[in-house]
Amino acid sequence: MSDNAHAPAAAGHAPHDAHPDSFYIKIWGVLLALLVVSVIGPELGIRIVTLITAFGIAIVKAYLVVKNFMHIGVEKKYVGYLLITMLALMVLMVGGVGPDVLRHDGTRWSNVAAKKVVEDGMKAGSGHGEHGGDPHAAPHGEAHGEKPAEPAPAH
Amino acid sequence: MPTGRLAVWWLIASEIVIFGGVLGSYLMHRLGHPEWANQSVHTSTWKGALNTFILLTSSLSAVLAHNAASRGDGKRAAKLMWATIGGGAAFLVVKSFEWAGEISAGYTITSNTFWSFYYTAAGLHGLHVIAGMIVMMFVATDAAKGKELQRVENAGLYWHFVDLVWIFLFPLLYIAK
Numbered sequence: 001m002s003d004n005a006h007a008p009a010a011a012g013h014a015p016h017d018a019h020p021d022s023f024y025i026k027i028w029g030v031l032l033a034l035l036v037v038s039v040i041g042p043e044l045g046i047r048i049v050t051l052i053t054a055f056g057i058a059i060v061k062a063y064l065v066v067k068n069f070m071h072i073g074v075e076k077k078y079v080g081y082l083l084i085t086m087l088a089l090m091v092l093m094v095g096g097v098g099p100d101v102l103r104h105d106g107t108r109w110s111n112v113a114a115k116k117v118v119e120d121g122m123k124a125g126s127g128h129g130e131h132g133g134d135p136h137a138a139p140h141g142e143a144h145g146e147k148p149a150e151p152a153p154a155h
Numbered sequence: 001m002p003t004g005r006l007a008v009w010w011l012i013a014s015e016i017v018i019f020g021g022v023l024g025s026y027l028m029h030r031l032g033h034p035e036w037a038n039q040s041v042h043t044s045t046w047k048g049a050l051n052t053f054i055l056l057t058s059s060l061s062a063v064l065a066h067n068a069a070s071r072g073d074g075k076r077a078a079k080l081m082w083a084t085i086g087g088g089a090a091f092l093v094v095k096s097f098e099w100a101g102e103i104s105a106g107y108t109i110t111s112n113t114f115w116s117f118y119y120t121a122a123g124l125h126g127l128h129v130i131a132g133m134i135v136m137m138f139v140a141t142d143a144a145k146g147k148e149l150q151r152v153e154n155a156g157l158y159w160h161f162v163d164l165v166w167i168f169l170f171p172l173l174y175i176a177k
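Protein chains in written order, with the numbering used here: chain U, 1 to 155; chain A, 1 to 177.
No lab work stands behind these hints, which were simulated from the structure alone. Errors might be hidden in some of the hints.
[What the hints assert, rightly or not] Lysine-lysine pairs mimicking DSBU-like chemistry, simulated, CA-CA at most 30 Å apart:
no.	chain 1	residue 1	chain 2	residue 2
1	U	Lys115	A	Lys79
2	A	Lys147	U	Lys116
3	U	Lys67	A	Lys79
4	U	Lys123	A	Lys177
5	U	Lys67	U	Lys26
6	U	Lys76	A	Lys47
7	A	Lys147	A	Lys95
8	A	Lys47	A	Lys177
9	A	Lys75	A	Lys145
10	U	Lys116	A	Lys177
11	A	Lys47	U	Lys123
12	A	Lys177	U	Lys76
13	A	Lys145	U	Lys77
14	A	Lys79	U	Lys26
15	A	Lys47	U	Lys26
16	A	Lys147	A	Lys177
17	A	Lys79	A	Lys177
[What the hints assert, rightly or not] Example chain A residues on the side facing chain U (calculated, C-beta under 10 Å, incomplete):
no.	residue
18	Gly20
19	Thr43
20	Tyr119
21	Met137
22	Phe138
23	Thr141
[Said to hold, decoys possible] Beyond 12 Å from chain A on every Cβ pair, some chain U residues (computed):
no.	residue
24	Ile25
25	Phe69
26	Thr107
27	Arg108
None of these values were measured; they are calculated from a predicted model. Each residue gets a CB set at the ideal place from its N, CA and C atoms; glycine is no exception.
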């Protein structure tokens with residue numbers, strides 16, 4: 001690890017180190033401007049604007065950090081492939097589990113406990129005065145349990 | 001590619017799976033439980049935004065430290081790394097005030113699943129901030145003596161990743177009400 005300890009040229013990527021400090025300060029300024037937009041946008045209360053300004057801008061901010069601060073563009077290509085593979089694993093996990101988590105009923109099943117949790121939570125409203133109250137009042141195992149739906153009537 | 005930097009990229013890749021799992025699980029449950037909106041309204045957008053500002057600024061000092069190290073200016077690199085460490089400390093101070101307020105109001109990790117995710121995700125991230133600060137202390141100490149300057153970039157890469165995670169935690173936990 002210390003073979004290049006005193007060699008400034010080996011202390012980083014030579015090509016992108018041509019950037020002066022002012023370049024990074026500009027990127028930081030853009031990131032802060034995006035932060036302001038991501039906070040103000042959702043205040044409008046318009047769903048699509050919230051999605052774009054909060055989550056869309058988060059992606060843009062992440063891109064700016066990865067590209068300009070982490071210098072992914074001048075890194076070996078396999079680093080990018082490695083990171084994309086990990087992201088793909090995350091997407092695979094979400095895609096595989098999502099249908100069971102996002103939905104509380106299906107053709108032949110119904111997650112009664114989960115539906116009750118949603119119903120109770122909605123009734124509780126903003127939860128004033130019950131900060132410690134648990135909308136997931138059902139026992140843990142029950143909350144995640146499923147029971148078969150009633151057979152569909154024959155047509 | 002130097003072995004040290006390759007190791008940091010591998011570490012970041014493994015961290016993507018860790019945080020990706022937590023955030024992916026949170027996202028799915030959040031979409032499946034509209035009642036969580038009643039809980040998320042109690043998180044402080046302004047404290048979250050302040051911490052985003054702090055982390056973005058600490059990322060700036062981290063990349064400037066890398067720039068200085070690339071020029072062989074270990075003393076400046078060390079100063080900038082200490083600024084980054086200061087940013088991490090400021091982040092934790094804001095976070096501790098925020099959590100103290102929430103816990104005293106009755107919103108604890110066992111209150112309900114939203115708060116369980118909230119404390120788990122933010123807590124895991126906070127532990128990474130602390131780890132990054134400790135690493136930076138060692139690297140900055142060496143850098144001030146002009147030693148092991150290549151480690152400045154490696155520590156910076158990790159710090160930027162910690163910043164990246166927060167960039168996504170912020171809208172998920174603080175903005176999506």
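Quiz item: Against which earlier hints does the structure fall short, listed by number upward?
Solution: 1, 2, 6, 7, 12, 13, 16, 17, 19, 20, 21, 22, 23, 24 and 25
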